[in-house]
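> What follows is the residue order along each chain.
2 protein chains.
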Amino acid sequence: MTPTVPHRVVILGGGFGGLQATLALRTAAVSVTLVDRRNFHLFQPLLYQVATGVLSPANIATPLRSLIKHQANAQVILGEAVGVNAKERTLHLAEETLSYDTLIVAAGGRHHYFGHQEWAAHAPGLKTIEDATDIRRRIFTAFEAAEREEDPLKRASFLTFVVVGGGPTGVELAGALAEIVRHTLPREFRRIDTTSARILLIEASAQVLDVFADELPRHAMAALAGLGVTVRSGTMLSHVDADGVLLRHGDLEERIATRTVLWAAGVQGASIGAIIAAATGAALDRAGRIVVGQDCAIAGHPEIFVIGDLAHVGGLDAKPLPGVAPVAMQQGTYVAKLIRARLEHRTMAHFSYRDPGSMATIGRHQAIAQVGRWRLTGTLAWLAWLFIHLMALVRFENRVLVLLQWTWHYLSWNRNARLITGNAPMPSPPAAERVIS
Amino acid sequence: MTPTVPHRVVILGGGFGGLQATLALRTAAVSVTLVDRRNFHLFQPLLYQVATGVLSPANIATPLRSLIKHQANAQVILGEAVGVNAKERTLHLAEETLSYDTLIVAAGGRHHYFGHQEWAAHAPGLKTIEDATDIRRRIFTAFEAAEREEDPLKRASFLTFVVVGGGPTGVELAGALAEIVRHTLPREFRRIDTTSARILLIEASAQVLDVFADELPRHAMAALAGLGVTVRSGTMLSHVDADGVLLRHGDLEERIATRTVLWAAGVQGASIGAIIAAATGAALDRAGRIVVGQDCAIAGHPEIFVIGDLAHVGGLDAKPLPGVAPVAMQQGTYVAKLIRARLEHRTMAHFSYRDPGSMATIGRHQAIAQVGRWRLTGTLAWLAWLFIHLMALVRFENRVLVLLQWTWHYLSWNRNARLITGNAPMPSPPAAERVIS
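Read top to bottom, the protein sequences are chains A and B. So for the first sequence, my numbering puts the first residue at 8; every next one is plus one. So for the second sequence, my numbering puts the first residue at 8; every next one is plus one.
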């Protein structure tokens with residue numbers, strides 16, 4: 008039976024976790040308010056394909072309102088959370104205040120520059136649509152600048168790309184860059200040889216993708232080398248500026264002249280996490296994630312859940328779950344079920360993550376995957392990656408569009424979405440140049 | 008026979024005219040340098056569909072380099088022209104200087120606010136990809152702001168859209184807005200009724216689309232009314248600010264409270280036109296177009312051609328040709344032929360425009376078209392419009408993508424590309440609001 012005033016669930020963030028929680032509450036006797044800064048759900052795993060000119064932003068983004076159009080118990084509010092009052096149970100947005108009975112915080116993460124926020128200007132990360140079009144602009148502008156540059160050293164620095172971080176995103180970006188310089192661009196320039204471009208992938212650990220098991224990281228490193236990517240493992244970044252990076256490998260330091268540095272190294276919890284922690288007395292871990300119990304709720308505040316990239320489930324001593332979509336989605340489903348159970352005075356078991364397996368793509372016909380004890384590499388892993396990502400795309404329309412563009416890209420090597428757009432459409436003078444000279 | 012140093016043709020602008028001239032010189036014994044500020048050719052006639060969330064930017068933009076990839080005698084330079092030295096035959100870019108034997112100026116047009124450049128901030132026009140995503144942001148942000156607004160008068164101003172200019176672009180924008188409020192959004196908001204939104208189309212002449220013949224403008228006005236657009240013909244805009252416009256109809260003045268004003272009223276020649284006119288002694292017409300002879304060349308400078316929206320062909324007294332793609336493309340072909348003829352010491356007849364007919368779309372199943380003595384309206388005209396625009400899209404890939412998205416939009420009324428992106432992702436506080444209060 009629906010009470011006269013339904014239980015009010017406010018969900019902060021329309022990413023994988025928040026959206027899943029919203030949809031899972033569809034038939035519950037609650038009113039759901041989904042709050043997001045953006046008017047769309049973003050399919051982040053394919054963001055690197057926007058950054059490298061294969062897909063358009065709208066192909067991997069779906070308006071939140073159209074997703075909950077037919078869900079009568081849900082509404083969307085476009086807004087940014089600025090605070091929470093845990094005692095009065097209110098979430099404060101910039102322009103209004105929302106009362107909740109249950110709050111689900113699914114605000115995700117942001118780039119982490121390990122205390123070097125000044126690097127952000129020279130080494131953009133990849134979290135938002137704007138990040139992706141900014142990176143796209145930087146990548147394709149670098150070739151334009153190289154084509155026009157007479158000085159061979161400067162030209163070489165425009166043709167040097169440094170990707171920091173050997174996780175899935177860094178590997179995907181480096182692999183895509185390698186395909187761009189070898190297959191997409193070679194016949195399009197008249198003065199430069201794009202195949203002479205250098206692509207460096209910097210990773211602090213001994214191998215890239217080192218959360219993968221057994222021989223998979225080694226396989227990935229070999230595949231990257233085969234694509235022409237120079238992998239620098241066991242290497243730290245010690246400095247970034249407008250015209251280069253400083254790398255440290257043990258006691259050795261090396262300066263690499265480059266105009267394009269992409270950041271795929273660190274992620275930390277969204278800044279609202281600290282505000283919520285302060286308001287509730289919750290602990291934050293070193294990466295800015297909110298520490299919650301096995302039920303995803305904040306200790307002493309069973310009515311506040313944290314899910315997804317912002318959550319550190321099971322206490323500070325528990326190993327944090329990986330920041331991937333399946334974790335967030337399973338937590339969204341779990342919390343929705345728990346809310347229903349509470350309304351029906353039932354109890355529920357703790358949250359436990361069922362790992363569906365992991366995969367990372369490196370390039371055409373090159374991916375790695377592990378599912379339980381299974382290990383997959385090469386074309387089969389790549390096809391599995393394509394299929395799973397295509398199926399996971401929220402909207403049918405997007406699925407067909409993405410498939411069509413992937414097919415076209417596969418056949419032609421072209422990257423038709425490589426528009427240089429945004430605030431700095433001109434490659435000349437490059438922003439970096441202006442600062443230096 | 009190819010001379011040792013081929014005749015150097017520099018083409019400024021990769022729009023319809025410049026691209027056509029480049030491609031038409033493919034087999035000529037010349038070297039072609041195509042200069043553009045952007046790295047893509049933009050299919051401007053469909054830009055309004057990006058602004059209203061049906062298509063993505065990359066669907067109507069194609070990288071110039073991929074278009075001339077196989078044209079060995081052509082190269083692309085990304086750069087902005089800042090001057091010309093007609094005596095030394097050099098075109099000056101921000102960062103380099105290009106020598107030419109023949110210069111083709113195809114730099115197009117820009118918005119014209121009739122001396123009120125300050126209106127630009129409140130009434131953006133639609134010429135570039137950035138314009139389109141800015142307008143898209145404004146349109147969809149207005150509904151978000153209305154959904155949150157408590158004050159009924161302010162809410163109504165967020166739900167009032169004013170389109171200035173009853174040419175094809177203004178009519179297309181107004182028609183698309185009407186479909187958005189009636190069909191795309193209604194079930195997506197919980198507090199506002201989007202069908203209560205007002206859409207005003209302001210036109211100074213007695214009727215919209217008044218370059219069309221016979222009963223076509225009247226038909227268009229009736230179709231707009233049927234869609235729910237309020238057409239204010241014979242009406243001038245006398246003021247625009249952040250929260251409204253002032254309209255003048257004869258002696259009557261009326262203030263309309265609105266947060267969204269779109270400019271589709273005036274076009275003038277690109278600013279490089281004035282620089283080139285000054286350097287060559289060419290005359291400019293009142294709309295900033297360069298006056299050229301019947302052969303598209305500047306008087307006294309047979310080696311400098313001006314084509315497309317920036318050209319006023321046949322002298323100041325001749326009626327300027329319409330600023331449409333067929334004119335620019337035919338001039339591009341003509342000039343390419345004339346360059347070949349000169350190299351072969353042949354003469355050629357003057358340029359003459361063969362009008363393929365005109366069409367404008369209003370909304371679903373609603374368009375008008377005239378071809379010679381033929382007049383077409385309604386579904387047939389609309390299907391013809393769809394077909395012709397689809398065929399005209401430069402790349403095969405784009406054609407299929409656009410067709411797919413049109414089909415999906417047709418079936419669902421959804422506008423999946425309506426992302427609120429860019430520098431001001433948050434609708435709250437709206438930029439306008441901040442200025443005023």
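Be aware that one or more of the hints could be misleading.
To be verified - For the chain A half of the interface with chain B, some residues (derived, Cβ under 7 Å), not all of them:
# : residue
1 : Ala65
2 : Lys76
3 : Gln78
4 : Ala79
5 : Asn80
6 : Ser359
7 : Asp362
8 : Trp420
9 : Leu426
It should be emphasised that the hints constitute simulated quantities derived from the structure, not laboratory data. The beta-carbon is built from N, C-alpha and C at its ideal position, and this holds for glycine as well.
> The structure should be examined with respect to each hint, and the outcome stated for every one.
Outcome of the hint check:
no., hint, result
1, Ala65, "holds (4 Å)"
2, Lys76, "holds (5 Å)"
3, Gln78, "violated (10 Å)"
4, Ala79, "violated (9 Å)"
5, Asn80, "violated (10 Å)"
6, Ser359, "violated (35 Å)"
7, Asp362, "violated (32 Å)"
8, Trp420, "violated (10 Å)"
9, Leu426, "holds (5 Å)"
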